[in-house]
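Put together the whole structure using the sequences plus the hints.
Chain by chain, the residues run as shown.
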Amino acid sequence: MAQDWLTRPHPVVVIGGSSGSIEVLLKLLPGLRSPLRSALIIVVHRRNTADSTLSELLALRTCIPLKEVDEKEPVEAGVIYLAPADYHLLIETDFTFSLDDSEKINYTRPAIDVTFESAAGIYGSWLTGLLLSGANADGANGLLAIRQAGGRALVQKPETALVDFMPQQAIQQQAFDQLVDIDAMIAYINGL
Amino acid sequence: MISTDELELLLTDLLDWYGYDFSHYSRASLTRRVDRLWNLGKFPSFAELRYQIRSDANYAERFIEGITVNVTEMFRDPSFYLALRNEVLPTLTAKPFIRIWHAGCSTGEEVYSMAILLHETGLLHKSLLYATDLNPEVLDRARRGIFSMTPLRQYAESYRLAGGTRDFSDYYTAHYGYAKFSDDFAEKMIFSTHNLVSDSSFNEFDLILCRNVLIYFDKLLQEHVLTLFDRSMGPLGYLALGSKETLKFSSLQPRYKQLNSEKIWRKIG
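Each protein sequence line maps, in turn, to chains A and B.
Its first residue numbered 1, the first sequence is counted upward by one per residue in our numbering.
Its first residue numbered 1, the second sequence is counted upward by one per residue in our numbering.
Among these hints, one or two may not hold up.
What the hints assert, rightly or not - With a Cα cut of at most 30 Å, we get these calculated DSS-like pairs of lysine-lysine:
hint : chain 1 : residue 1 : chain 2 : residue 2
1    : A       : K67       : B       : K257
2    : A       : K104      : B       : K42
3    : B       : K267      : A       : K104
4    : B       : K126      : A       : K67
5    : B       : K42       : A       : K67
6    : B       : K95       : B       : K267
7    : B       : K188      : B       : K257
8    : B       : K257      : A       : K104
These are computed hints drawn from the structure, not numbers from a lab.
Below is the structure:
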């Protein structure tokens with residue numbers, strides 16, 4: 001199976017967010033067209049209990065398959081993946097997910113930087129990072145890594161973010177190619 | 001950042017020079033951890049990092065500790081401990097002697113959590129907790145039973161959510177920012193190095209806990225370790241894994257039955 005993905009690569013979008021980002025996802029997901037030609041990976045800061053409420057909530061807003069990541073699961077186009085609570089989410093060179101429960105980064109696990117940086121090394125120019133609303137500096141370094149590896153960095157327009165600290169951090173570090181509102185996010189992902 | 005080829009060179013060195021086999025560990029996690037140590041050690045090049053590991057055994061020990069994940073906490077996932085308390089331990093009360101193995105115990109927080117459960121269910125006096133890890137250094141810390149006070153408030157809350165009804169602070173004495181747990185617990189614990197990759201079964205157990213260790217292994221090594229646990233498991237013994245780990249897809253699955261919602265399986269065949 002892994003060979004399939006080696007010979008037929010597909011775009012990957014990693015979406016990171018913290019406070020105020022669930023509201024964005026609830027508006028963004030219904031706008032996505034099925035079948036999705038990319039793989040969508042969502043990393044949001046959440047309570048560190050292993051409950052499935054968030055994936056159920058998000059799955060209600062889309063007809064695209066949406067699931068919490070299982071360890072060693074292959075990354076496939078057409079699926080929306082949610083990082084599980086209390087683990088960092090990484091990608092292996094054979095395009096499978098790895099989970100890691102090492103130290104919190106930026107006071108959080110999962111950390112957006114960890115997934116952004118790991119995916120950048122694997123997907124290069126096939127990768128887009130999208131950073132949403134949040135009150136934490138997580139994500140900006142990861143966007144830099146994505147750009148360095150040839151991928152694209154999108155940041156939610158601060159004036160549309162419930163909490164604009166996270167987008168502002170990315171902007172201050174010049175870690176973006178484009179500032180986007182929700183409609184532009186939908187159009188971008190549908191256009192991949 | 002370390003390249004794929006450089007990482008393979010380092011892993012070969014660690015096996016050839018020090019006998020630690022990381023060849024079946026997940027590369028994504030190793031890459032991050034080696035990068036971190038590379039930055040911390042301020043090595044100007046890969047060659048210098050490699051030379052330091054090969055020429056300095058003390059550094060190599062610390063390096064090995066640094067690339068393995070030693071993060072742990074007391075009563076992590078309280079609902080898991082609640083299931084141990086209410087569903088697992090009651091089935092062991094009739095046994096004259098209870099043997100428990102914590103595989104990959106790190107600094108011992110889970111072992112002390114277990115001892116507290118055994119104490120409260122009246123089983124500690126006839127229990128023995130074997131706690132093993134790859135790293136001698138973390139075992140030294142576990143043996144002392146001394147933990148930082150900082151996360152203790154959260155541990156007390158997790159203890160309560162795990163069905164604990166006593167005053168958590170009765171179990172330790174606080175001293176200059178550290179908490180020393182009662183020696184009554186440590187008396188029931190045996191700490192020893194054990195490498196899940198290369199060491200074999202050493203006893204028969206009623207309960208084996210190995211939580212958030214398998215996520216760092218590839219599927220081959222996972223199967224190897226699960227088989228090791230199976231061979232170390234007494235009849236009707238229990239195997240407990242981390243919240244994202246599973247026996248599904250392993251050769252053990254047909255002979256193990258999962259408890260309702262937690263990652264606990266009982267050997268039935």
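What hint numbers does the structure not satisfy?
3, 4, 5 and 8
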